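> As a plain string of letters, each chain reads:
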Amino acid sequence: MTEKEESVKLLGFWASPFSRRVEMALKLKGVPYEYLEEDLPNKTPLLLELNPLHKKVPVLVHNDKILLESHLILEYIDQTWKNNPILPQDPYEKAMARFWAKFIDEQILTLGFRSLVKAEKGREVAIEETREMLTFLEKEVTGKDFFGGKTIGFLDMIAGSMIPFCLARLWEGIGIDMIPGEKFPELNRWIKNLEEVEAVRGCIPPRDKQIERMTKIAETIKSA
Amino acid sequence: MAEKEEGVKLIGSWASPFSRRVEMALKLKGVPYDYLDEDYLVVKSPLLLQLNPVYKKVPVLVHNGKILPESQLILEYIDQTWTNNPILPQDPYEKAMARFWAKFVDEQVTLIGLRSLVKSEKRIDVAIEEVRELIMLLENQITEKKFFGGETIGFLDMVVGSMIPFCLARGWEGMGIDMIPEEKFPELNRWIKNLKEIEIVKECIPDREKHIEHMMKIVGRIKAA
Numbered sequence: 001m002t003e004k005e006e007s008v009k010l011l012g013f014w015a016s017p018f019s020r021r022v023e024m025a026l027k028l029k030g031v032p033y034e035y036l037e038e039d040l041p042n043k044t045p046l047l048l049e050l051n052p053l054h055k056k057v058p059v060l061v062h063n064d065k066i067l068l069e070s071h072l073i074l075e076y077i078d079q080t081w082k083n084n085p086i087l088p089q090d091p092y093e094k095a096m097a098r099f100w101a102k103f104i105d106e107q108i109l110t111l112g113f114r115s116l117v118k119a120e121k122g123r124e125v126a127i128e129e130t131r132e133m134l135t136f137l138e139k140e141v142t143g144k145d146f147f148g149g150k151t152i153g154f155l156d157m158i159a160g161s162m163i164p165f166c167l168a169r170l171w172e173g174i175g176i177d178m179i180p181g182e183k184f185p186e187l188n189r190w191i192k193n194l195e196e197v198e199a200v201r202g203c204i205p206p207r208d209k210q211i212e213r214m215t216k217i218a219e220t221i222k223s224a
Numbered sequence: 001m002a003e004k005e006e007g008v009k010l011i012g013s014w015a016s017p018f019s020r021r022v023e024m025a026l027k028l029k030g031v032p033y034d035y036l037d038e039d040y041l042v043v044k045s046p047l048l049l050q051l052n053p054v055y056k057k058v059p060v061l062v063h064n065g066k067i068l069p070e071s072q073l074i075l076e077y078i079d080q081t082w083t084n085n086p087i088l089p090q091d092p093y094e095k096a097m098a099r100f101w102a103k104f105v106d107e108q109v110t111l112i113g114l115r116s117l118v119k120s121e122k123r124i125d126v127a128i129e130e131v132r133e134l135i136m137l138l139e140n141q142i143t144e145k146k147f148f149g150g151e152t153i154g155f156l157d158m159v160v161g162s163m164i165p166f167c168l169a170r171g172w173e174g175m176g177i178d179m180i181p182e183e184k185f186p187e188l189n190r191w192i193k194n195l196k197e198i199e200i201v202k203e204c205i206p207d208r209e210k211h212i213e214h215m216m217k218i219v220g221r222i223k224a225a
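The listed protein sequences correspond, in order, to chains A and B.
Just so we're aligned, residue 1 is where the first sequence starts under the UniProt record's numbering, counting upward by one.
Just so we're aligned, residue 1 is where the second sequence starts under the UniProt record's numbering, counting upward by one.
Everything labelled a hint here was simulated from the structure, so no lab data went into it.
If you're wondering where the values come from, they're calculated on a predicted model, not measured in any experiment.
Note that the Cβ used here is the ideal one computed from N, Cα and C, for glycine as well.
The reader is advised that the hints may include incorrect statements.
Coverage of chain B stretches by chain A, computed from C-beta distances (three or more under 8 Å per stretch; other residues unrestricted) [claimed, not checked]:
hint, region
1, 65-71
2, 75-81
3, 95-102
Let the hints inform the model, and build the full structure from the sequences given.
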């Protein structure tokens, strides 16, 4: 036990959903860690040394092992600290959790961020396309407290860090009500459940600061 | 054992590296399966659209009514369901590293690799350099190992093998590019030779001529888009 708890460091960024979800997992499992905040866009020499290929956060360092990519880090954490498991045991359920996680970080992020801001086919079309994707998630969480079942899991951390606690701040900043209660009752219920979880609460970026940041990024994308 | 071997269907495509790698895994583990080929350059079948409504792509594995899309997820599912001849490492860190490199291949190498196929003559040298820089990272990973998986082939061998020597390389060949020359990439070339000796891999390599023709069609499509 002592060997595992030695030296866990996380290089992260307050506004990065990829970084925040790793903190959710560490907190859920009660793993003590040293947190090093990157002052993005200025990257520390340490980050560049640990992640020379992608130069991105988060990076987890556990006893000299360097882990990159938030999904891979979450899976590593789950296999290394076995209390409060976050991935299902069943191979099929596990595959589905990973499938939806990839879907969120690829489709939902692309449509709900870049495509929405650029709105090449117009704002209404962009909103519809994003909502179409979100409908898949609405179905997935129907009748469940969390994607993970009775307690939060891998997919809750990924969807939570990305959607209500990141993209939603962008949507708010540019005046879009993307997930209204009447269209997405299950997702809204899930968000309320999430906000009550201790391990999640400590990992939500401050709302106003993040809205400001996302709005600035949107402006940069639009004018690019 | 009998319960697991019921009803394994693979919807795939002879030319798709994503599909071929799944076949490698099924064959390695001796899992009998029904194979349905999609000619995806022509049209996508209603079955495919029904089984994979999110991405509408091959491969899709159907096992006892469970539907799995996404080749890397399918490989992991196969490894957990049929536990003989394991293809992923047990150690959490080694597993994470195998997945990391697999992602790297399917995302960066594929993107930059496909791009190099559509570059004009004056841009081609830069494109080749970009691809080689990425592939050099794999050269480092395979140094002094028989396979990425160690003594026997594993997850990463199937991902890299299906994508690089048995897919992208056919494109490069069609365009007259020698992307991975032996003098620059001795380890990868050695690894490719090792791979080609394996029976189940041999069965999952698309026919060279047909594949080069197919890749040229894809190049044409990208250029026209």
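> The region 75-81 of chain B covered by chain A? Criterion: 3 or more residues, Cβ-Cβ distance below 8 Å.
holds (count 4)
> Apply the coverage criterion to the region 95-102 of chain B and chain A: a residue qualifies when its Cβ sits closer than 8 Å to a Cβ of the chain, and three qualifying residues are needed.
holds (count 4)
> State whether the coverage of the region 65-71 of chain B by chain A holds or is violated, taking the criterion as 3 or more residues with Cβ-Cβ distances under 8 Å.
holds (count 4)
Checked against the numbered hints listed earlier, the structure breaks none of them; every hint is satisfied.
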